[in-house]
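Chemist: Now for the letters of each chain:
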Amino acid sequence: MAEVPKIVSERLRSQAAAGEHPDANLLSAFSERALSEQERAQVLDHLSRCAECREVVALSALPQVDEERLVAAGRGSAGASRSWWRSPIVHWSALTAAALVVLIAVGERMRLRQENTASAPAIARYEPAEKQIASAPATVPAPPQQKQSQRLAETARPPRRAQAFNAPKPIGAVSGGKLASGDRVATGSATGASAGIGGHNLPPPAVLPMKPHANADAASTTTDGPAFESANEQAQAKAAAPAPSARAKQSVGVSAAAAAPALQTEGAPLSQGRSASFTTRAFLGPRWSVSDSGALQHSFDGGRSWKEVAVAEGVSFRAVAVVVVSDVWAGGSGGALFHSADGGEHWARVRVQVNDRTPSGDIVRIEFADAQNGVVTTSTGETWRTPDAGLTWRWQ
Amino acid sequence: MSGTAQMPGPVAGRIRASAVADLYQHSHAADVGLSEQEFARILGEIAAKHLPAGAKESDAVGFCRGLRLEELALARACAAGHERAWELFLTRYREKLYDAARSITREDSSARELADSLYADLYGTETREGRRTCKLNYYTGRGSLEGWLRATLAQEYINRYRRRHRDVSLEEKTEAGAQFAAADPPPQQAPDPRLVEATDTVLAALAAEERFILASYHLDGRPLAEIARTLGVHESTISRKLEKVARVVRERIMDELLRRGMSRRQAEEALATDVRDVAVDVTGRLVQKDGASAFYRKGGD
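From first to last, the protein sequence lines stand for chains F and P. Just so we're aligned, residue 1 is where the first sequence starts under our numbering, counting upward by one. Just so we're aligned, residue 1001 is where the second sequence starts under our numbering, counting upward by one.
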């Protein structure tokens, strides 16, 4: 971090706070971003000159829920208690061991395949990734209507990425695929918590249609359940067939990757007969943030680099929250709220509404205690609570 | 309730009774024993405090809707001594208060002492002009009641810390080793007044947020993540801003020094000087006068 000349620190220290100290009401409202712009600017100006009030704000801040805890929460309630097996050493050792097992399994599988198919035409040695994925067993059998819509959707979609993300498959199945160099395939980051959402059989909530984002090439074979409609899914269904059944929800794959720490596999493009080298590394999910310009962004390398995620046009984001790795909420201008149940691959707009009332300002804070219970705070200080993952809301 | 109560005060008095009734209903104030008239009076006081006298009715209504009405009603009902309200308050906030105290003091007994002392203030054990003074009367619903309680706890903690340091006894000082306190450092050589002026000018011209980030990081030593949480942005944003502000401050001070007649070299030297080290003869202190060995050597030589 760049240092400032010492004289700057000295002069900052000698600055006198202007005017009276803000009271606890203003300081707490400042921390909760419930002040108007003008009031916030005044309080911030005071804080920039008053070490004592900065101390009050810092002391009264809620303890931070770190990412590790969030990930642990997604793995189950057993993660709530600290025990020896949750120590970082055990944690990383286990992940390393798992990665080694995967590598060995991949190598062994390739060796066996080469031996078994030595006399067969080369083209048969490596199945395309799509074929492998299609043949992989789904842990949750889809109803006929869903299967039909899945087929319809598949006709219209080119990408492998979403399939690889969603379709449950044995680890290493991607090894024979034709991934472009640098393509990333997350073999599962969903958790039990998000699977629970999909498990509900509830009537559709108020949902706003949304324009497909820039990554609309990613097909939507899994969704967050019947609660929300994904715009991507709508677009694909329309492209495939106008039948209403094409918009049916599918929950295939939501539970497929549950509880397993996601493994990210990168592979070089394969050609027939060539040996492949793969690196597999532990991946605990992306980090999310909102950029200065109000764009949603995520990082897969612990925050070293960020990539913008296109969710909806015309929305300036101000808050993002991750319940578990796959369960992400983002909100911003005009009370717009979006939810992704697949780690940000697809987004559905969630209407925050009670009767005719909608949020009066921007959404500036999103907090979810679990996958169901959430609180959304607006720039005007309104608090909206949902006890059912966004299906219904209560204004406060 | 009748639904005809009007807010008193220059601003809120113009709010229609129906709007007041709507706010009252939304606050569930009736559940904690607060009448609509009483609730309207409280809203009127708060609106008068925060809104200009000429504010429109729509602004006043919008402002009141932005308040934490339910929590406000609960706090004020507690202050008014309604038993049901206290039951609710204790159920909802007792543990949170102790947790907040623990996170502030990081020690159980001090936390309990701090929280108990705040409880006494919240309940109102002191009287002023024959009336019980209850701290919950100061809650205005701008932020959450929990946030207000935490901020009040933090203020109380800082006040106690300051009081304790002011009132510490001689025995305690002795026990703390004050008799071995280091001698006062020699008076430091004042930095060049042009440097002070230039720095003050540049700092005054910074945006409040930039100054806040600088002070939080360089003065208070707070981690980036904590500053980011306070400002509601991502850690990476703070990191970028801090880098940028540090660079801009240095450049602007240089410009100011040049404008004040310093040469570039003089300005660079002035900026590179650590004001805390100006009076310290580092070289003189490092060089040993008698040429003795710096470390003890085995064998006694």
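Hints in this document: simulated from the structure, not taken from any laboratory. Please note that a few of the clues may not be correct.
[As the list claims (entries may be wrong)] Computed footprint of chain F on chain P; a stretch qualifies when at least three of its residues, placed anywhere within it, have a C-beta under 8 Å from a C-beta of chain F: (1) 1033 to 1040; (2) 1053 to 1060; (3) 1064 to 1076; (4) 1084 to 1091; (5) 1112 to 1126; (6) 1227 to 1235.
[Unchecked claim] Beta-carbon label-pair distances, calculated as ranges: (7) A1272/P <-> R304/F: 43 to 51 Å; (8) E39/F <-> H1028/P: 43 to 51 Å; (9) S36/F <-> R1260/P: 52 to 60 Å; (10) T392/F <-> I1158/P: 37 to 45 Å; (11) E308/F <-> T1127/P: 56 to 64 Å; (12) N355/F <-> A1053/P: 44 to 52 Å; (13) E1269/P <-> G314/F: 47 to 55 Å; (14) R394/F <-> E1107/P: 34 to 42 Å; (15) V1248/P <-> D301/F: 22 to 30 Å.
[Said to hold, decoys possible] Residues from chain F shown here face chain P by an in silico Cβ test under 7 Å; the list is partial: (16) I7; (17) E32; (18) E55; (19) V57; (20) V101; (21) R304; (22) S316.
Bear in mind the structure is a predicted one, so any value in this text is a computation, not a measurement. Note that beta-carbon positions come from the ideal geometry of N, C-alpha and C, so glycine has one too.
Chemist: With reference to the structure, classify each hint as holding or not holding.
Modeler: Evaluated hints:
no., hint, verdict
1, 1033 to 1040, "violated (count 0)"
2, 1053 to 1060, "violated (count 0)"
3, 1064 to 1076, "holds (count 6)"
4, 1084 to 1091, "violated (count 0)"
5, 1112 to 1126, "violated (count 0)"
6, 1227 to 1235, "holds (count 6)"
7, A1272/P <-> R304/F: 43 to 51 Å, "violated, 31 Å"
8, E39/F <-> H1028/P: 43 to 51 Å, "violated, 27 Å"
9, S36/F <-> R1260/P: 52 to 60 Å, "violated, 39 Å"
10, T392/F <-> I1158/P: 37 to 45 Å, "holds, 42 Å"
11, E308/F <-> T1127/P: 56 to 64 Å, "holds, 60 Å"
12, N355/F <-> A1053/P: 44 to 52 Å, "violated, 33 Å"
13, E1269/P <-> G314/F: 47 to 55 Å, "holds, 52 Å"
14, R394/F <-> E1107/P: 34 to 42 Å, "holds, 38 Å"
15, V1248/P <-> D301/F: 22 to 30 Å, "holds, 28 Å"
16, I7, "holds, 5 Å"
17, E32, "holds, 5 Å"
18, E55, "holds, 6 Å"
19, V57, "holds, 6 Å"
20, V101, "violated, 34 Å"
21, R304, "violated, 9 Å"
22, S316, "violated, 13 Å"
This entry does not satisfy hints 1, 2, 4, 5, 7, 8, 9, 12, 20, 21, 22, going by the numbered hints stated previously.
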